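Visitor: The residues making up each chain are set out below.
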Amino acid sequence: MRGMSLIVQVMTGLLAGILLLYGGYIILHGHLTPGGGFAGGVLVAAALILVSLAFGAVEQVERREYILSSIFESSGGLLFLGLAVAGYLAADYFFRNAGLFYIGRPLELVSGGIIPLANIAIGLKVGAGLFAIFLALGASRFVMKE
Amino acid sequence: MLELYLLLAVMLAAALVASETRNLLAAAVALGLVGFSVAIMFILAQAPDLAIVQIVVETLTVVFFTAVILRTTDVDTTVTQGLKMETAMFVAAFLAFGGLFLALIIGVLQEIPRFGEPVMRIAQEYVQLGLERTGAANIVSAIILDFRGYDTLGEATVLFTAVVGVLTVMRLASRKKPGEF
Amino acid sequence: MIPYLACVLLFLIGLYVVISKRNLIKIVIGFSLIEYAVNLFFALVGFKKGALAPIITQPEQVRMGVARNFVDPVPQALVLTAIVIGLSTTALMLSLAMRLYEKYKTFDISEIRRLKG
Amino acid sequence: MEGRILPLFVAIPLAGAFLVPLLSKLWTRFADLIASITSALLLGVSVYGWLMVNAGGMPLHYWVGGWRIIGIAMWFDALTALIVLIINIVGFCASVYSIRYLDRYTGGRWKFFTLLLLLIAGLNGLAISGDLFNMFVFIEISAIASYALVAFGTEEEEVEAAFKYMVLGEVGGAVLLFGIALIYARASTLNLAHLSQVLAGFGRTPFYWFVIATLLIGFAIKMGMEPFHAWLADAHFSAPAPISAMLSGVFIKVTGVYAMSRLMFNVFGVSRAETPAFFNLLIAFGAVSMVLGGLLAYTQNDYKRLLAYSSISQIGYILVALGIGNFWGIAGALFHILAHALGKGTLFLASGSVERQTGTRNLEQLKGLEKTMPATTWSHILASFSMAGLPPFAGFFSKLFIIIGAIAARMYWLAFLAALFSAVTLGYLTKVVNMAFFVKQNSSVTSTREAPGLMVLAMLVLVVLTVAVGVGFRGVLDHLVGPAARVLLNGLEYARLVLGG
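Residue numbers (the working numbering), protein chains in the order written: chain A, 1 to 146; chain B, 1 to 181; chain C, 1 to 117; chain D, 1 to 501.
The hints are simulated quantities; they were obtained by calculation from the structure and are not laboratory data.
So, partial list: chain B residues that the calculated Cβ filter (under 7 Å) puts toward chain A:
1. D49
2. A136
3. A156
As the structure is a computational prediction, the values presented were derived from the model and not from experiment. Where is the CB? At the ideal position from N, CA and C, for every residue including glycine.
Work out the full structure: start from the sequences and follow the hints.
Guide: The structure is reproduced here in structure tokens:
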């Protein structure tokens, strides 16, 4: 899969931007509307996959992409675990939310305590992780050099 | 509920196509059709969260299948033309088993509440507590990230495990001979 | 009852594909079918006739406590997890299948030593 | 809140698993370090938990997020204490052992340790879980980690075994999820204690038996019980040795036997008196596994494959003992889980040492390892004695309890069968000793050096524990296994404890 024609590349750039935005929107509004960290994260991964297909990045995948995605993935996981542990340290309850974090007024963007933060952590993790899976399955060599 | 039945029929037909086609790419597309019918059924069952996730996941699944098939082969060489005796006997045996299983499960399904009338024993509490205690208007979000956030930690870990697993399986490596280390 | 039975049928089709097909990709597809069947069954369990999706949209609903006529949100939350688990396993299975293809240049399990039978 | 240590069982290994990929970018050896420290910490926490349960006599409990019933419960009683101790002892030994063992493979060091920590996290999470769906999630975590670990070598046989294992295992997982969906549809609750109360009101209808059958099929696949044993031999055979030790010593016991007994005894409330059919089923399948596994093991010429078939046979013992259903039977089953984890763990680690030093596992080619690898040899011999049920090792007492239980339940043929297959076990394990460790004609491969110190250390820890459990069997029975057996025997008492506390 080499890079595709100019038209495809330009359109993909636009589309990927919109996809990224939409993914971000879904992640941030996960506590108010359908969707959430997982759905948004998959959209982010889809945007990255589109770009890598259109620009032929798949063939020249280097260490960098893998390292970046694995760093993002681990940090997402750590962030999520950290949120759980925060409740544990502060109030002895793993995954404590109510009464500990700023709940805000219902139906506003900044509300729901740890829920939006958890959505962001999951979105980060899912986007990076699924992109890594795609690179591993779709890249043309077994590229996982150490 | 007519549309639900139609979708169920489409789903089963697509599943049969996925099972019997000789072209693997076609099988992947048929699998996608099954997945998207499931997504639409989620919408009909008033589960928009599930529908969104199912749609994006289905797309990604088909992308994964396509990536693998494009890099390998798209012909299923094991599907042969014409009906062989062996296959026919297997199918007959499986149909008998399936019929038995269906008969059994019809009896069992009598005991669970009828379709469309769930018990909602703990669900009632989630609905009542959802918004005021967690601040999330989306009760499904409130459940997966607050009431049952621990499950979601597990879910994120499953995905993490799978990613590390895929990287492990696809790595360029093998065993060393004794004496090399 | 009929939707439940359709799920069981889909489960049986998937099981049939996993047991009888001799192509690695087909086996993965069969597994995906099984997984969809279980997910759909679980999601349909929570369906309630004439009820709404469990999302509170108007502030009045919050205050008045009306519109509590929601479908069961619990299966939805659980199936969400199950879908993700299914995607993860499908990806790992595909990578194993691909690795086997690299070794044997075929997806036919009758040509792959240990997977026979 | 006396249960505050419970989240640590999951948080510690997960934090380790998430940190390994990050920190190993800085220095590759961080992976080893984090894995060893994490598993040592876990071992400490589990010993602490056991002491607390033992001292107070009351189980520890914890509601995640502070939500009662509607949240997820964590639960730590005597049975959990036993299981968690086994997981973390073997897990600790496996991670220490792996540090040098991994020299056999090129690359992938951080991936291996990440997956090992995830496997341990999954098993611990399953052991402490008090929620039906949560159990499923943690079963999947440990299962997926184990599939990837079986394929770690990425040679033909490893990938094949992993694929086969994965297809079977995931179909089993789907069946389990289907069972959970059926339970939820009827009972509409997920907390195990609440569920057991709701289920008690339904009676023993076709639904009850169908759900039990569904769950049993799922768990039977996970534990490699007879008609589903096919994956087990290949997977245990192909995995790296410390992973074989984890799979055989811990994984099949926790995701299969423990999860099944917790659900059946404490939630579905089966008991010898009321539902004899269930127990007879366990005995039937267990006896078949015991006999077939033992006979197949006898015919093998590959070190690890022999041990893998032996695991099937020992799982048969455990099932038979559970099926006997009286105190001695269940105590015997739990004691055997402990003895088998220690003994079979040692044997698999020993096989790994032999393979690492000589490059082969074929018993016909090996000879005279006793001269150059004394520690491995004697670890193997002592663990074999324990597995074969010779006094005063751990395995003797588990088999003794099983036989006492069988006689007390007037199942004399079962007592005879158990004794007979102890002899068969001794037969195939001494075959290994004769063929590999002592001098014989016509073979070529031997080793010049003992395995590295850390690997020997891991083996020795397990061997010393095997001897210690055997010698101090009174204490183990009174403080660890006995209370755990009573948890299962008391059945629905569980719900009262959880909801009352």
